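**Q** Whole structure, please, built from the sequences with the hints as guidance.
Those protein sequence lines, which keep their order, are chains A and B. Mind the numbering: the first sequence is residues 1 to 294 in the numbering used here, read in order. Mind the numbering: the second sequence is residues 1 to 421 in the numbering used here, read in order.
Treat the hints as calculated values from the structure; they're not laboratory data. Nothing here was measured: the structure is a model prediction, and the numbers come from that model. C-beta atoms are modelled at their ideal positions from N, C-alpha and C, and glycine is treated no differently.
Here are the computed lysine to any residue pairs in the SDA-like style, where the Cα-Cα straight-line distance is at most 20 Å: (1) B:Lys70 <-> B:Ala101; (2) B:Lys380 <-> B:Gly395; (3) B:Lys380 <-> B:Val170; (4) A:Lys165 <-> A:Ile153; (5) B:Lys256 <-> A:Leu137; (6) A:Lys281 <-> A:Ile253; (7) A:Lys177 <-> A:Leu87; (8) B:Lys333 <-> B:Ile99; (9) B:Lys256 <-> A:Ser2; (10) B:Lys256 <-> B:Ala280; (11) A:Lys32 <-> A:Ala172; (12) B:Lys333 <-> B:Ala322; (13) B:Lys409 <-> B:Glu325; (14) B:Lys256 <-> A:Gln264; (15) B:Lys256 <-> A:Ile139; (16) B:Lys256 <-> A:Tyr6; (17) B:Lys256 <-> A:Ser262; (18) B:Lys204 <-> B:Thr225; (19) B:Lys256 <-> A:Leu4; (20) B:Lys256 <-> A:Leu7; (21) B:Lys333 <-> B:Glu323; (22) A:Lys288 <-> A:Ile240; (23) B:Lys287 <-> B:Asp305; (24) B:Lys132 <-> B:Asp158; (25) B:Lys328 <-> B:Val412; (26) A:Lys177 <-> A:Ile161; (27) B:Lys287 <-> B:Glu233; (28) B:Lys256 <-> A:Val138; (29) B:Lys380 <-> B:Thr367; (30) B:Lys256 <-> A:Ile261; (31) A:Lys32 <-> A:Ala82; (32) B:Lys256 <-> A:Gln131; (33) B:Lys256 <-> A:Tyr260; (34) B:Lys256 <-> A:Leu130; (35) B:Lys256 <-> A:Phe3; (36) B:Lys256 <-> A:Leu256; (37) B:Lys70 <-> B:Glu154.
Here are a few chain B residues that face chain A, going by a calculated C-beta distance under 7 Å: (38) Val250; (39) Gln253; (40) Met282.
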Amino acid sequence: MSFLSYLINGISLGSVYAIIALGYTMVYGIAKMLNFAHGDVIMVGGYAALTMMLNLNMNPFVAILVAIVVCTVLGICIETIAYRPLLGAASPLAVLITAIGVSYFLQNVVLLIFGSNPKSFQSAVTFGDLQLAGGGLVISDEAIVTIVSCVVIMVGLTLFISKTKAGQAMQAVSEDKGAARLMGINVNGTIALTFAIGSGLAAVAGILLLSSYPSLTPYTGSMPGIKAFVAAVFGGIGSIPGAFIGGILLGVIEILGRAYISSQLADAIVFAVLIIVLLVKPTGLLGKAVQEKV
Amino acid sequence: MKKLLSLSLAAVLAVSATACGNSGSNNADAGDSDASAAGTEAGTEAESTESTGTESEGTESASADGGAFKIGAIGPMTGAASAYGTAVMNAAQIAVDEINAAGGVNGYQIEFNPQDDEHDQEKSVNAYNTLKDWGMQLLLGTVTSAPCIAVEAEASADNMFLLTPSGSAVDCISGENAFRVCFADPDQGTASAQYIGENGLAEKVAVIYDSSDVYSSGIYETFVTEAANQPFEIVASEAFTADSKTDFSVQLQKAKDSGADLVFLPFYYNEAALVFTQAAGMNFAPKWFGVDGMDGILSGVEGFDASLAEGVMLLTPFSADAEDELTKNFVAKYGELHNGEIPNQFAADAYDGIYIIKAALEQAGCTPDMSASDICDALKTAMTEITVDGLTGSGMTWSADGEPSKSPKAVVIEGGVYVGM
Numbered sequence: 001m002s003f004l005s006y007l008i009n010g011i012s013l014g015s016v017y018a019i020i021a022l023g024y025t026m027v028y029g030i031a032k033m034l035n036f037a038h039g040d041v042i043m044v045g046g047y048a049a050l051t052m053m054l055n056l057n058m059n060p061f062v063a064i065l066v067a068i069v070v071c072t073v074l075g076i077c078i079e080t081i082a083y084r085p086l087l088g089a090a091s092p093l094a095v096l097i098t099a100i101g102v103s104y105f106l107q108n109v110v111l112l113i114f115g116s117n118p119k120s121f122q123s124a125v126t127f128g129d130l131q132l133a134g135g136g137l138v139i140s141d142e143a144i145v146t147i148v149s150c151v152v153i154m155v156g157l158t159l160f161i162s163k164t165k166a167g168q169a170m171q172a173v174s175e176d177k178g179a180a181r182l183m184g185i186n187v188n189g190t191i192a193l194t195f196a197i198g199s200g201l202a203a204v205a206g207i208l209l210l211s212s213y214p215s216l217t218p219y220t221g222s223m224p225g226i227k228a229f230v231a232a233v234f235g236g237i238g239s240i241p242g243a244f245i246g247g248i249l250l251g252v253i254e255i256l257g258r259a260y261i262s263s264q265l266a267d268a269i270v271f272a273v274l275i276i277v278l279l280v281k282p283t284g285l286l287g288k289a290v291q292e293k294v
Numbered sequence: 001m002k003k004l005l006s007l008s009l010a011a012v013l014a015v016s017a018t019a020c021g022n023s024g025s026n027n028a029d030a031g032d033s034d035a036s037a038a039g040t041e042a043g044t045e046a047e048s049t050e051s052t053g054t055e056s057e058g059t060e061s062a063s064a065d066g067g068a069f070k071i072g073a074i075g076p077m078t079g080a081a082s083a084y085g086t087a088v089m090n091a092a093q094i095a096v097d098e099i100n101a102a103g104g105v106n107g108y109q110i111e112f113n114p115q116d117d118e119h120d121q122e123k124s125v126n127a128y129n130t131l132k133d134w135g136m137q138l139l140l141g142t143v144t145s146a147p148c149i150a151v152e153a154e155a156s157a158d159n160m161f162l163l164t165p166s167g168s169a170v171d172c173i174s175g176e177n178a179f180r181v182c183f184a185d186p187d188q189g190t191a192s193a194q195y196i197g198e199n200g201l202a203e204k205v206a207v208i209y210d211s212s213d214v215y216s217s218g219i220y221e222t223f224v225t226e227a228a229n230q231p232f233e234i235v236a237s238e239a240f241t242a243d244s245k246t247d248f249s250v251q252l253q254k255a256k257d258s259g260a261d262l263v264f265l266p267f268y269y270n271e272a273a274l275v276f277t278q279a280a281g282m283n284f285a286p287k288w289f290g291v292d293g294m295d296g297i298l299s300g301v302e303g304f305d306a307s308l309a310e311g312v313m314l315l316t317p318f319s320a321d322a323e324d325e326l327t328k329n330f331v332a333k334y335g336e337l338h339n340g341e342i343p344n345q346f347a348a349d350a351y352d353g354i355y356i357i358k359a360a361l362e363q364a365g366c367t368p369d370m371s372a373s374d375i376c377d378a379l380k381t382a383m384t385e386i387t388v389d390g391l392t393g394s395g396m397t398w399s400a401d402g403e404p405s406k407s408p409k410a411v412v413i414e415g416g417v418y419v420g421m
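**A** In structure tokens:
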């Protein structure tokens with residue numbers, strides 16, 4: 001029974017990783033850059049939702065919508081101001097370091113505004129826990145909502161990319177930027193759209209994460225952000241189903257590792273798995289090997 | 001592609017290393033405050049002159065006939081650990097005012113100068129130097145462990161008498177010049193185990209602790225050692241680290257499965273708030289037992305539902321509802337001066353600290369014209385000879401290594417306040 005409970009917790013944690021990993025993987029797939037500030041966008045989303053709920057007494061659902069809008073706008077701003085001028089730079093290092101800079105910038109701005117005291121986040125989901133087997137197995141309402149949201153987002157995003165014009169433009173840009181531009185696709189607009197979607201999803205992930213683990217500090221986003229990046233690489237960076245599978249597996253490995261191997265080594269196990277997967281399959285589980293054009 | 005991936009992995013390493021750095025220091029002691037808003041220095045400067053202003057009128061006359069004892073104090077008055085520092089400074093000020101009103105120490109008044117260190121080692125040492133320039137003869141502080149260790153290194157070299165009200169790490173009082181009012185970390189573990197055992201609180205005990213924090217793992221180790229002599233059994237000991245201190249579901253599930261009827265939580269209230277929330281979500285309601293880091297659970301976390309902390313027991317040397325005259329007077333006076341706030345154990349430690357300094361100065365017959373180093377030498381002996389009845393224990397005595405000898409009280413949270421057990 002406790003195995004089931006661990007498994008469900010793992011899938012729920014993994015779902016959050018998966019939603020965050022989507023942001024990494026889409027941006028990498030299309031702009032070929034790693035947005036290390038992604039984890040901190042999650043944190044900003046958390047603070048936005050919390051401020052709406054606590055200080056402005058908004059309905060949680062309205063607060064979530066506002067948080068999504070805030071993060072979407074933030075994502076577009078980061079892309080336009082910090083990344084776009086550097087995307088053409090000779091070294092991919094420039095944009096990578098900028099991303100780390102943006103990450104610290106966000107953390108410190110939030111630190112200045114809200115202080116470093118942890119804030120307790122009121123769960124946005126309150127329809128009650130699911131009791132199975134006479135109370136022996138409790139599935140929290142947060143876990144259910146998290147898993148369901150993850151699946152819905154995944155299906156929705158896959159449909160969006162394969163069926164809509166904007167989605168097909170994304171695929172084209174990811175395949176070949178130059179050719180896409182020649183075909184009349186607005187490359188910069190498509191990249192901005194990718195950031196917008198990724199950051200909006202980050203807000204959702206942040207709220208789900210904080211509903212389960214209600215402690216919000218300016219550093220809340222950094223560890224889940226890194227784990228989600230691992231999940232994206234694990235599943236094959238650039239691949240959307242890969243992010244999903246990578247995220248879920250990572251969450252399950254982390255929780256089961258902590259339960260059955262060692263509670264101190266949980267993080268070490270997660271990163272060890274990453275190393276092993278990359279040794280065996282350098283492109284990740286679902287990644288495609290692309291020939292480097294010399 | 002490969003180049004990019006290796007580059008990114010290197011970057012991940014860099015980011016995770018710095019992220020660990022952040023959370024690590026966050027966790028260092030009493031919840032950190034590396035980054036308090038700039039400009040607080042100036043603010044506290046103004047504050048301290050203001051607060052010392054009250055007795056400067058009284059001390060003017062005293063200084064004319066031979067001066068006053070200059071006691072400095074250092075602690076976090078801003079930032080995440082500010083709850084501790086503010087309590088210490090407020091309470092010490094009350095004790096100083098009482099002593100001055102009653103005629104002072106050996107007939108001399110006390111001048112008190114509190115300084116802010118934001119729970120940061122570097123700022124703490126700076127505050128120490130500021131106080132030395134001011135002419136400090138005795139130091140009450142510092143309040144939190146990590147800065148205290150740094151300041152003690154300086155104070156020990158200067159042979160400056162140091163009495164920390166609440167620095168509980170072993171190294172806080174490494175020199176001969178240093179003493180403390182509170183229990184040392186290892187003692188808390190032993191005392192907790194003894195208390196649980198002697199009062200038959202549980203047969204099966206689970207422990208959850210932070211293996212990346214010296215405070216938490218120090219208490220855990222001595223708890224386990226002492227538990228071997230006690231009539232209860234440790235059925236689960238689960239760790240977490242600074243990098244994974246949000247998800248306690250596994251640790252709680254294991255504690256639940258092990259059939260524990262009491263869970264010992266030797267860490268700070270920030271994480272404890274999460275533990276209580278998650279345990280409530282999984283219908284796990286054992287007895288909870290905390291240590292002094294739990295002090296703050298009722299008001300320290302913004303938005304935390306304090307009703308979840310009902311029934312939590314913690315070992316603290318001080319409970320504000322005790323019936324003795326001393327405690328009643330102190331609580332009443334503290335509340336009167338600070339909007340009806342109920343003082344925590346840090347306040348009590350500081351109040352006692354000032355009276356301990358007074359007792360030691362009187363025992364040694366010190367006068368304010370002695371140098372800081374001479375006072376320190378005199379107090380090294382005097383501290384081992386005095387017996388002090390205070391808020392945090394009666395008949396407190398000190399050994400030459402600076403450790404106090406007193407017995408802790410256990411309190412339980414009922415109806416949102418601490419109640420003695």
